[in-house]
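S.K.: Protein chains in written order, with the numbering used here: chain D, 1 to 283; chain R, 1 to 438; chain H, 1 to 248.
Do not rely on the hints blindly, as some may be mistaken.
[Stated by the list, open to error] Computed footprint of chain D on chain H; a stretch qualifies when at least three of its residues, placed anywhere within it, have a C-beta under 8 angstroms from a C-beta of chain D: (1) 121-134; (2) 155-163.
[Stated by the list, open to error] Cβ pair distances, simulated, as ranges: (3) D:A71 / R:R249: 32 to 42 angstroms; (4) H:H201 / R:M323: 26 to 36 angstroms; (5) R:A77 / H:Y10: 43 to 53 angstroms; (6) H:G12 / D:L5: 50 to 60 angstroms; (7) R:V423 / H:Y11: 35 to 45 angstroms; (8) R:K433 / D:H180: 45 to 55 angstroms; (9) R:V69 / D:Y91: 20 to 30 angstroms; (10) H:P55 / R:G197: 46 to 56 angstroms; (11) H:Y10 / D:A71: 33 to 43 angstroms.
These are calculated hints, taken from the structure and not from any lab test.
Yeah, the Cβ is synthetic: ideal placement off N, Cα and C, and Gly gets one too.
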Amino acid sequence: MNSNLLKQNIAFGIFRALSLMVAGVLLWILGFIIYQGIGVISWEFLTTAPSGGMTSGGILPAIVGTLYLIAGSSIVAFPLGILSAIYTSEYAGNGHIVKFIRIMTNNLAGIPSIVFGLFGMSLFVNTLGFGDSILAGSLTLGMLALPLVIRTTEEALKAIPDTFRTGSLALGASKLQTIHRIILPMAFPNIITGLILSIGRISGETAPILFTVAAYFLPQLPHSIYDQVMALPYHLYVIAVSGTDLEATRPMAYGTALVLIVIVLVINVSASALRKKLQKYHA
Amino acid sequence: MKIHRGAPMYARRMKIRREKNRREKKLQGAHTWVRPYRKKNMKRILEKIVESVLTVSGATTGIVILLIVVFLFREGAGFFRHSEIETGYALCVNGGNPINRLTPEQIKAIFDYEIDNWSLAGGNDEEITPFRMNDISNYYTDEELGENYEFLPEKLSEIISKTPGLIAFVPEQYLPDESADVKVLAGGKLNPADFFGGEIWMPTATPAPQFGLLPLLLGTLWVGLCAILIALPLGLGVAIYLGELAGERVRNLLKPAIELLAGIPSVVYGFFGLVVLVPFIQKTFDLPVGETAFAGSLILAVMALPTIITVAEDAIRNTPQAMREASLGLGANHWQTIYRVVVPYSMSGISAAVVLGIGRAIGETMAVLMVTGNAAVIPHSLFEPVRTIPATIAAELGEAPHGGAHYGALFVLGCILFLITVVISVMAEVISKRQHHA
Amino acid sequence: MLETRNIDFYYGSFHALKNIAMEMEDHTVTAFIGPSGCGKSTFLRLFNRMNDLIPNTRLTGECLIDGEDIYHKSVDVTNLRKRVGMVFQKPNPFPKSIFENVAYGLRVAGISDSRFVAARVEESLKGAALWDEVKDKLKKSAFELSGGQQQRLCIARALAISPSVILMDEPASALDPISTSKIEDLIHILKKDYTIVIVTHNMQQAARVSDKTGFFMLGELVEYNDTKKIFLSPEKEETQNYITGRFG
């Protein structure tokens, strides 16, 4: 009996330690970037273009570029993804079509981001002739975000019990009215959370934009969707590994990493806060 | 019409209303559910339109996958249409040489002076003399070649016929005419056998670029599998802790932490690995460079953790409470219940977690690119630089001329990556399906 | 008047209803009783075509309301459902205010006259004997009501679109005894204006509220008669056995 208890204590102790370790790794990464980067962040850093071979100045063009890409890919992925999720969860039933669509969505979610980069380069940049541009980059990132949007929206819709659907239909509402007036408002908090989290994912992606939009150094801001832009994650990559003077660009890299981390933190925190707030209002 | 009325009024008003109701019903007639109005039809048509839009968008993911397949494989297929020898050049040998074809690896070895006898390439026992265009000055002066090198093909023919063991790498425009003395080696197309079996990846080598998949494939698997070996016990432990042991408060802290871990961009992981992990590994293990497969595996392990933890924890939580209670009721303690009942029951979910984790690790690009050192050689130990397939694409696509063999080769790599991840997705699907039948 | 002729209904290959013919008069309460899985709920749901929502089902025979076949091609299902209200087993108010819950059926019917809607909401809540309890908190969420109140809200919601028939699928099975008796009282009142069909597991309830009772078993309508007759002197032995609790 006692040896069983001992085994249990040892096992549980190990699990607890492992969990602590994972939390520790997170804190380590966050702490390190924040500690190293906080001194670099200044108003000037956020609002000027890089200068002096990227050893001084700021990261404004990269921030602006990332915002453009977020907006562009949202326009691509959100409507398509939400409509697709409504179709699969509300219309398609349980037949082969839905199974097929679900397998396709899972596959799409599993495809590495660099493959999206290749695809985007081949289709948008070369075949359609958009060149390296915000348009090509947004479309590529949008494709990447699509399965994410579809999955979270579908889960949000599936979480609504069927009694609300039958209740509404029994009152003479059509299927579309039921979706529009009952299902979507109820699922709204979870849908919006999913959308915000997919923005978080988009904002940090590097591989898909390498060959579709990202510029190595482009201090002026874009004028049209056919322009190239700098982007935060690519900028971090560039100054971390291929700067001319790595020692001198390091502080810039820490600052850029911190900005990226802060974006991710803000997005995660606001997503869960929003979910809590909206759920309270609805229930 | 006011809403609030006193109680005495209520009964009378209700009666009136009921009368009115009855009138209303009569007015509407008994058959009002038969569609009578055109306005209704308009509305129905509108709804039909919206619904067809929904149906079409349901196919979105299928269409995207189809597009990816078409474009990836189209560009990838272009690779195999290119010649083994650098575009615009040809190889010539003496007419008496029995060799008709050389593999890209043999060509490379010959011009790197690694093979110095034709017998090693399947020919006669004869010394090999590699000849590049700038060697021509050892044989002839500029005057002899003519002002515009118009005599060059002739002279080349002479050299080749004179030296039985010579192999010349010449531009196609100066190619000597084929004769009894001079044989132009058939520059074969790049073929799948050499690609998939090749052990050297040097896409910019001359005269024959080397497109050997093995070092990249092995590098990818090496780094990915090591990452999973590190991440699996860690992730499983955390999943069990989260699913079985942690109280509500700890869960509320740990879950968002794991979500955050999943949200950190890969380039930030790469940067962290580069400035913290790489120097640490170099110092600790006393290595010439810290950028090694091990550094990549460590970073990938952390990146694969959220996937493994989330999927495995879901599986653990889905174990029916009745099963736990049955085990506890038979006198098993909590730990025995976990490893004898809960873990076996959620095995398929845990396997799916592992498979998905591998998929995540194999496809990861930026972090690996930044910390593994990117040497395209077949890895022999964890503490050497390696290069993975995604990192190769990311590092080289920018420099590969559009439409060239190198460009095509990178798309073939993309196809391979795509196929690997499709297989992994399907595997995960099949494995987690099994759970429902268990 | 509700009427069915030779109704057969299949879930896939499962024959759920077998050759059922019955008539229900206006302004009566008809109760369906029978063991679980006997098809009584399936039969009830034929009358507002809720079974249409279940894939892979098949119906033959005729189902008439006031002489019209409700499965005819020209029938608009949403209009049919406005004429035939339904109350479900578990109260299922929408996550909206009490007022908006009752107004929902009017809104989806395209009625936007706010005075008409307000009057109809009040009328319906009064009709469902809920008005006095909620008149001061119409803007509050419907989830703040107790289970019994929620069920009466669902009844009010069904009344608002002025149906002629109300289908009730075990409306009190999820409620406590006091709420149940309130619902039963309500059924008595509603009978004057509506034709009511109720499925119930509770035989005392059937005896208390209904004028006629149909006993279903294994997809067949075993016996259909005045409630008194069914409970006091059933003609069939199966009915007798079920009522006295020998199986079911």
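S.K.: Could you run down the list of hints and mark each one as holding or not?
M.R.: Against the structure, the hints:
1. Coverage of the segment 121-134 of chain H by chain D is violated. Counting CB-CB distances below 8 angstroms, 0 residues qualify, and the rule asks for three or more.
2. Counting residues of the segment 155-163 of chain H whose C-beta sits closer than 8 angstroms to any C-beta of chain D gives 3, which meets the bar of three, so the coverage hint holds.
3. Checked against the hint of 32 to 42 angstroms, the pair D:A71 and R:R249 passes, with Cβ atoms roughly 38 angstroms apart.
4. The supplied range of 26 to 36 angstroms is met by H:H201 and R:M323, whose beta-carbon atoms lie about 30 angstroms from each other.
5. At about 51 angstroms, the beta-carbon gap between R:A77 and H:Y10 stays in the expected band of 43 to 53 angstroms.
6. In this structure the supplied range 50 to 60 angstroms holds for H:G12 paired with D:L5, their Cβ-Cβ distance being about 53 angstroms.
7. The hint said 35 to 45 angstroms for the Cβ distance between R:V423 and H:Y11, and at roughly 38 angstroms that hint holds.
8. A C-beta distance of roughly 34 angstroms is found between R:K433 and D:H180, which places it outside the suggested range of 45 to 55 angstroms.
9. At roughly 26 angstroms, the beta-carbon separation of R:V69 and D:Y91 lies within the given 20 to 30 angstroms, and the hint holds.
10. In this structure the hint that H:P55 and R:G197 lie 46 to 56 angstroms apart at CB holds, the actual value being about 51 angstroms.
11. In this structure, H:Y10 and D:A71 break the distance hint of 33 to 43 angstroms, their C-beta atoms being roughly 53 angstroms apart.
Going down the numbered hints, you'll see the structure goes against 1, 8, 11, while the others check out.
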